[in-house]
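Asks: Residue numbers (full-length UniProt numbering), protein chains in the order written: chain A, 1 to 169; chain B, 1 to 452.
Among the clues, some could well be false.
Only pairs whose alpha carbons sit at most 25 Å apart, straight line, appear in this in silico SDA-like list of lysine to any residue [to be verified]:
| hint | chain 1 | residue 1 | chain 2 | residue 2 |
| --- | --- | --- | --- | --- |
| 1 | B | K197 | A | K108 |
| 2 | A | K82 | A | S59 |
| 3 | B | K376 | A | G97 |
Some chain B residues judged to face chain A by a derived CB distance under 8 Å, without partners named [unchecked claim]:
| hint | residue |
| --- | --- |
| 4 | A56 |
| 5 | S84 |
| 6 | S127 |
| 7 | R163 |
| 8 | G165 |
| 9 | K183 |
| 10 | I221 |
| 11 | T222 |
| 12 | A224 |
| 13 | G317 |
| 14 | G328 |
| 15 | Q336 |
Covered stretches of chain B (in silico footprint by chain A; criterion: 3 or more residues with CB under 8 Å from a CB of chain A, positions within the stretch not fixed) [said to hold, decoys possible]:
| hint | region |
| --- | --- |
| 16 | 42-50 |
| 17 | 135-145 |
| 18 | 168-182 |
| 19 | 208-217 |
| 20 | 337-351 |
Read the hints as simulated data drawn from the structure, not as lab findings.
Values in this document were obtained by computation on a predicted structure and should not be read as measured data.
All residues carry an ideal CB built from backbone N, CA and C; glycine is no exception.
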Amino acid sequence: MSETIAFKPESLEQVHKIIARYPEGRQKSALLPVLHLAQKEFGGWLDVPVMDYVAELLSIKPIEVYEVATFYTMFNMKPVGKYVLEVCRTGPCMVCGSEKILDHIRTKLNIKDGETTEDGMFTLKPAECLGACGYAPMMQLGKFFHENLTIEKVDEILDLCRQGQVALD
Amino acid sequence: MSKKLLLKDAHIEGIRYFETYRKQGGYTAAEKALKMTPDEILEEVKASGLRGRGGAGFPTGMKWSFLAKPEGVPRHLVVNADESEPGTFKDRYLMEFLPHLLIEGMLISSYCLGSNVSYIYIRGEYSWIPDILEEAIEEAKAAGFLGKNILGTGFDCEIYVQRGGGAYICGEETALLESLEGKRGNPRLKPPFPAVKGLWERPTVVNNVESIAAIVPIIDITGAEYAKIGVGRSTGTKLISACGNINKPGVYEIDMTITVEEFIYSDEYCGGIKDGKRLKACIPGGSSVPIVPANLLLRTVNGEPRYMNYESLADGGFATGTMMGSGGFIVLDEDQCIVEHTMTLARFYNHESCGQCTPCREGTGWMYKILKKIEKGEGKMEDIDLLWDIQRKIEGNTICPLGDAAAWPVAAAIRHFRDEFEWHIKNPELSQTQNYGLANYADPIPAVEKNA
C-alpha cells in the first residue's frame with residue numbers, strides 16, 4: 001500500500017529541510033511538522049497507510065507515528081469535509097456568544113458536532129481555546145482565523161466557501 | 001500613562017520588516033550585547049528582576065543561572081510560543097506584529113546561554129505566524145544578525161520554528177520538549193530539570209515569548225533601569241491580553257503600577273464594561289487562576305485598591321485574591337452564568353489532560369460531567385461538595401501543574417459563587433431560561449462616565 005503514497009518532490013524536499021534542523025539521529029523530531037505536511041497533501045486527514053509512509057520516511061516505527069497523531073487535536077483521524085469549521089467555545093468565547101454561533105451552524109448545515117455535510121463541503125469541529133479571546137467569537141478555517149463573528153458573518157463565510165472563495169492556505 | 005518598552009513601535013507601519021525595525025533602533029541592543037560577555041548579560045537580566053511572563057513568574061535570571069554547562073555538550077534555548085491558556089493572546093500579538101523583537105531577544109539570549117541552535121515552539125493553530133517568523137529570520141540572517149560568525153564575534157546562531165499539533169499541555173516546558181522531540185506531550189518527572197537534561201537530554205532553557213522579547217529593552221536601558229519601572233518585585237512592563245465583556249478588548253502594555261479599576265474602566269485600556277452593563281467577575285491571569293467577584297477584584301479584603309501586579313493581585317491568597325498568571329484578563333458582565341462558564345473551563349481541562357496521571361485524567365472528566373449536569377438543571381445539592389472533594393484530590397497530586405490549573409477554577413467558582421450553584425440546583429427549570437445575575441457580587445463602584 002505504502003508504495004502508492006508519496007509526497008510531491010517539493011514536499012519531500014521540505015521534509016529533508018525540516019530533518020536538517022535537528023542533530024544527526026534526531027530525525028524523529030520532524031514528526032509533527034511532517035504530519036502537518038502529510039495531512040495537507042493527502043486529503044485533510046491521516047489514514048493508516050499515510051502514517052506508515054511517514055514512519056518509513058523518518059525511520060521510526062509506525063506505532064511511534066500513531067501514538068503521536070492520535071494525541072494532537074489538529075490531526076484528523078477520519079475523513080473531513082473540504083472546509084473544517086473549528087469554532088472555539090472555551091470561556092472567553094462562550095461569554096461572547098460562541099454557543100449561538102455553534103447552534104446556528106448546526107441548524108443551518110444540519111450536522112452535529114464532528115459531523116460532515118452530505119456534500120462533503122463542511123465539517124463542524126468545536127474547538128477549545130485557539131488564542132483569539134479578544135476577538136471572540138471566532139473560528140479557524142484551514143490556516144486562518146475568522147474573528148469577531150456574528151450570525152451574518154458566518155452566513156457570508158459559508159456562502160463564500162461554497163463559491164470557493166475562502167482561502168485555506 | 002504606562003511606560004511602553006515592548007509595544008512602543010507596534011503602531012509603526014512596516015515594523016514587521018527588518019528595514020523599518022532597524023530604522024527604529026532595532027538590533028542595537030544585540031550589537032551592544034555581543035560586545036559584552038555572557039556573564040555580564042546574565043548579571044543585567046538578574047538585576048532587571050524580570051519574572052517569567054508565561055504564567056509562573058519565576059525569575060528569568062535565576063532560571064538562566066541554573067543552566068548546566070558540561071564541556072562539549074551543546075545547549076539550547078527553546079522559546080515557548082505554545083500560548084494556549086484561555087484568555088491569553090499576547091505572544092501571538094508580539095510574533096505577528098513585532099517578530100524582530102523576538103528574534104533580537106533570542107539572539108541576545110542564545111549568546112548569553114551559549115545556544116548555537118535555538119527553537120521557537122509555536123502552537124499549531126497559529127498556522128500563519130511561522131511564515132512571518134521565518135521571513136524575519138531570513139531577513140536577520142541576510143543582515144548578518146543570525147548565521148555564522150555574527151557581527152564578527154565568532155558566535156554562530158540558527159533559529160528554527162516548530163509547529164505543535166494542538167495540545168495545551170505542550171505549554172508545560174517538559175511536555176513541550178517531548179513534543180519537540182516528536183513524541184506525545186507527556187510532561188516529564190522533575191528532576192532532572194531541563195536546565196540539566198532538556199531537549200535531547202542536553203541542557204536547555206525554555207522561556208516564554210514575552211520574557212525573551214523583554215531581554216531587548218533590558219540590555220538597551222540596563223537591568224537596573226528596567227528594575228526601576230513597576231513596583232516591588234513586579235519590575236518592568238507586562239503585556240495584558242484583555243477579553244470578555246469589555247468595550248476595548250486587545251493587548252495592552254502596562255507598567256504594573258496602575259489599579260485594576262483603572263485598567264478596566266479607563267479609555268486608555270478596556271474602556272469599561274460592554275453595553276453599559278456592570279462587572280460581575282474576572283479572571284485576571286488566564287483561565288487557570290482563581291476567578292474573583294467584582295468586589296474582591298477592585299479592592300482587597302482590607303479595602304485597599306488592588307493593583308495590576310504580581311503581589312497585589314495575589315493579596316489575600318486564594319481565599320480572597322487571585323494571580324497575575326499569564327496576563328490573560330477575562331472580564332464577565334452581570335449577565336454571565338458562572339456555572340456554565342466554569343463548565344466550559346472544566347471541559348477545556350478535561351480535553352487537554354494528557355492522561356498520564358489518574359487524578360487529572362479521571363478527575364477533570366468527573367468535574368466536567370458534574371458541572372454539565374448542574375448546568376442542565378439536573379444537579380443535586382451534594383454535587384457541589386463532590387466537586388470540591390474532586391478538585392482537592394487533583395491539586396498537588398499530578399506530575400505537572402495542569403492538575404492544579406484544572407482544580408483552581410472550579411474551587412474558586414464554588415468558593416465565591418456557591419449561592420449561584422445552589423440556585424441552579426434549586427431552580428432547575430428557571431435556570432434554563434434565566435441567569436442568576438449580579439446578586440451580591442456587585443461592583444461597589446459605578447461605571448466611570450465616558451470622557452469624564
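Asks: None of the hints should be skipped; say for each whether it holds.
Replies: Evaluation of the provided hints:
A hinted pair counts as satisfied when its Cα atoms are at most 25 Å apart, and B/K197 with A/K108 does not qualify at roughly 52 Å. Distance check on the hinted pair: A/K82 and A/S59 sit about 31 Å apart at the alpha-carbon level, beyond 25 Å; violated. With a C-alpha separation of about 18 Å, the suggested pair B/K376 and A/G97 falls inside the 25 Å cut-off, and the hint holds. The criterion of a C-beta within 8 Å of any C-beta in chain A is not met by B/A56, whose closest approach is roughly 19 Å, and the hint is violated.
For B/S84, the interface hint holds, the least distance from its beta-carbon to any beta-carbon of chain A being 6 Å, beneath 8 Å. Look at B/S127: its Cβ gets to within about 4 Å of chain A, closer than 8 Å, so that hint holds up. At a threshold of 8 Å, the smallest CB-CB gap from B/R163 to chain A is about 6 Å, leaving the interface hint in force. The beta carbon of B/G165 is positioned within 8 Å of a beta carbon in chain A (closest approach about 3 Å), and the interface hint is therefore held.
About 6 Å separates the beta-carbon of B/K183 from the nearest beta-carbon of chain A, less than 8 Å, and the hint is met. The interface hint given for B/I221 is violated, since its Cβ lies 29 Å from the closest Cβ of chain A, which is over the 8 Å cut-off. For the restraint placing B/T222 at the interface with chain A, the shortest Cβ-Cβ distance is roughly 33 Å, beyond the 8 Å limit, so the hint is violated. With a least beta-carbon distance of about 34 Å to chain A, the hint placing B/A224 at the interface is violated under the 8 Å criterion.
Because the closest C-beta pair between B/G317 and chain A is about 23 Å apart, greater than 8 Å, the hint is violated. Interface restraint check: B/G328 against chain A, minimum CB-CB distance 7 Å, threshold 8 Å, status holds. The beta carbon of B/Q336 is positioned within 8 Å of a beta carbon in chain A (closest approach about 5 Å), and the interface hint is therefore held. As drawn, the region 42-50 of chain B meets chain A at 0 residues by the rule of a beta-carbon pair under 8 Å; below three, the given contact is violated.
With 0 residues having a Cβ less than 8 Å from any Cβ of chain A, the region 135-145 of chain B misses the three-residue criterion, and the hint is violated. Counting residues of the region 168-182 of chain B whose beta carbon lies closer than 8 Å to any beta carbon of chain A gives 5, which meets the minimum of three for the stated coverage. Here the region 208-217 of chain B counts 0 residues with a CB under 8 Å from a CB of chain A, which misses the bar of 3, and the coverage is violated. Check on the region 337-351 of chain B: 7 of its residues sit with their Cβ under 8 Å from a Cβ of chain A, so the three-residue criterion for coverage holds.
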